[in-house]
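S.K.: Here are the chains, one letter per residue:
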Amino acid sequence: MVSRANGGTLAMPGPLAGVRIIDLSEGVAGPFAAKQLADLGADVIKVERPGGDPARRYGPFPGDIPHPEKSGLFIHLNTNKRSVVVDPATPSGRAIILQLAARAHALIESFPPGTLAAWGLGWDDLAAVNPRIVLTSVTPFGTAGPAAHRQATDLTLAARSSFLIAAGEPDREPVKYPGRQTELVGGLHAAWGTMVALYHADVTGEGQVVDTSILEAAVMISDQNMLSVAYWNGGGRARAGRRPLRFPPIVMPVLDGYVSLLVTDLQWPRFCRMAGLEAYAHDPQLATQRGRIERLEELEVAFLPWFLSHTKREVFEIAQRHGVPIAPFNTIAEVLDDPQFRARGYFRKMVHPVLGEITLTGPPALLTETPWELRRPAPLLDQHAEEILCGELGYRPEELLALRAEGATG
Amino acid sequence: MNVLTDLPGALRGIRVLDYTTAWAGPRLTTYLAEMGAEVIHVESIQYLDTHRGWSKWAWGASGNMPNNDPGRRPWERNSQYNEFNKNKLGITLNLADPDGVALFKELVKISDVVVDNYKAGTTARFGVDYDTLRKIRPDIIQVSLPAFGSTGPYRDYTAWGNQVMALCGQGLLLNYEGEEEPEPGGTYADPLAAITGAFVVVAALFHRRRTGQGQYIELALSEVSPPLLPEAFAEYTMNGRQPLPRGNSVPEAVPWNVYPCQGEDAWIAICCRTDAEALRLFEMMGRRDFLERFATIPARLAARAEIDAAVAAWTAPQEKYQLADRLQAAGIPAEAAAQYAEVLVDPQLQARGFFVELDHPECGVYPHPLQAVRLSKTPPIDYRAAPTYGQHNAEVLGGLLGVSQERLEELAAKQVIGTEPLEDEERRRRDRAWGVS
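The listed protein sequences correspond, in order, to chains A and Z. Quick note on numbering: the first sequence equals residues 1 to 410 in the working numbering. Quick note on numbering: the second sequence equals residues 1 to 437 in the working numbering.
FYI, nobody ran anything at the bench for these hints, they're computed from the structure. Be aware that one or more of the hints could be misleading.
Cross-link-like lysine to aspartate or glutamate pairs, in silico, EDC-like; alpha carbons within 20 Å at most [as the list claims (entries may be wrong)]:
1) Z:119 to A:317
2) Z:377 to A:124
3) Z:377 to A:202
4) Z:119 to Z:129
Construct all of the structure, not just a fragment, from the sequences and the given hints.
M.R.: Spelled out as structure tokens, the structure:
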């Protein structure tokens, strides 16, 4: 299985080499789950309904001009996958999906609860052709329960999970984390559940259903708050806003932007030394947060000039030399140019057949023996139809034409 | 195989040696424990787990204790420690002592996975780095979670999750629209690292089953985070533009925001994805004048402020849960913004059995969140509250390793093991500064 990749280096296959996943999911959460498996070596066949995954229509786009092969979101969520268009609502399309499922280890889907079964592709149908298969559902609320059929977006799930109320000013509306965090975290949990079930199937030969709730994944972002508030109804971390009653604060302005801090009492003396204000380190009243709050204004006046006379980069380097956890608020350009990411070769470039050179985020984990790897960019719609349907399932070219004519494939 | 916790989960028979602290590491191994792995959490009586607290002040005033009361053994009562360490066996070992390291290595010999989340280089300092451990257990899977990785110019840097998020670009995007001073978010990198790491560990176990090969896995919190910002990286690399914070709105739809409701800190999220959903909302609001003026997305995008103000005026006197149900009945995505206590009684979570009651000897019976996945044949289980300090020293060191009772007493006398944190001058000094004794 070990093959030589470009540059003559020895490329090793990922830990999931030889695992085949059918990705019927659409949008963000399911595709992100399937990406996790694909990037660790699984062969992921992305089955798209006619018209393609709706995420192909989500921005950003180059020049803000929508194009189904140029979605900046889609290309991040679908690395290392192959695409074939199949309409699961048609008898021929259903037959193709069952053929694919018979040869697969897992199938991931994100349709409203009941949809798959209505197409004759529910757990019983899949298990009949492949009892070892893992069927992973990724839905806003899970496949059952009183809310299973409610409508949802990333924002409404953030609201219901309490993830929303964690950020923002205490006297204003809470403010959501950027992007589609609940859906992406839902995808990570779906990948986890799928992986556990794949392991179980490998040990026992038994397949099963993995029912993932994005709402619950969002609760898991701050699960300690649930136990805290159960312990005591005043517990749980309320949103602190920009001016929490503490010193050092959590955000400080600097010459060219802002830095993020979280300085504990134990680190307070180092913080004082860092800013050249050693005397404060020896003041017993200031050793604790309570004492510092009593002299908040004095401390702000004393420390602010040091911050305002250094750039965020300088503050970062000096603080870290003193063992104080401070970091800059970086722009995306600064992240891409960051010395640490550069030294570790984190961001990856690939050539996409329509977009040309693209930049993608890198491995969330380094594995010494079975590395995370980008083998191919996100697929064009139906790019691998012949390879999959004819080459692997054995359809003859004229049968493929007939399937296309009846609308079962792309 | 000698097993203490023969759980029915998918990871039955996998033993994890976990000497993590605080959040990302402990939560990672709890994911494994909830799927049936036997997780042994190794602590020391010399250095408290960050989430057990470092002074009586932290124990008493943090708001994380049952009834906000530190009790006699406050280090056993912290919600963060107790949530992130459930289902585990708990032992103590001083890894700064050769006897502690020797026992740790004996445990490595009978374990499958070893997890730490200290600064790069710490495992080598204790003499339990991967190169050492693989010699005594060749197929061991060792996992480390340093903030920025063990190589590169930041390898010795320290950061909490919120500094990681600032450095990775998320910090500048978490804000109200048009505002510059960043909103501090929470410690988001930690839960991301925990779930990502749990997934990767099982992938490595899967590979080991097929090949017999173990490996070293490094999860830098800084590298787990950027994949969660795909639009931001695409926007910059494709268009050369720094994305701007949007608050709760999206560029392609109106109304789509968080609106006030009746009561203190009461809010509702309403998202109209289509013209039809927006028009249904305007009808419910009784704003027939909007039906024609704002029938299309371009018209609504151009009047976002006016429409948001009208929606807010309509929602403000209403009860958030009833309003969400009415909007859902009309097919419009809407949910009340839950406070933490409200999540505990969420009917959907209750129906799915998301909260499981566990009895903790120092805290009592409380509901703990389970997991976001239900596996039909091997469901995740919460079966045991977090261990108290050294609770399973006898079972693990005596039962698994066969250390004699006499030897355990010697180890306790040498403070290699124990069941309470050692008194510490630094902690005492801080307690005095807070006026507690």
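S.K.: State for each hint whether it applies.
M.R.: Outcome of the hint check:
1. Z:119 to A:317: 17 Å, holds
2. Z:377 to A:124: 14 Å, holds
3. Z:377 to A:202: 14 Å, holds
4. Z:119 to Z:129: 12 Å, holds
Every hint, counting from the list given before, is met by this structure.
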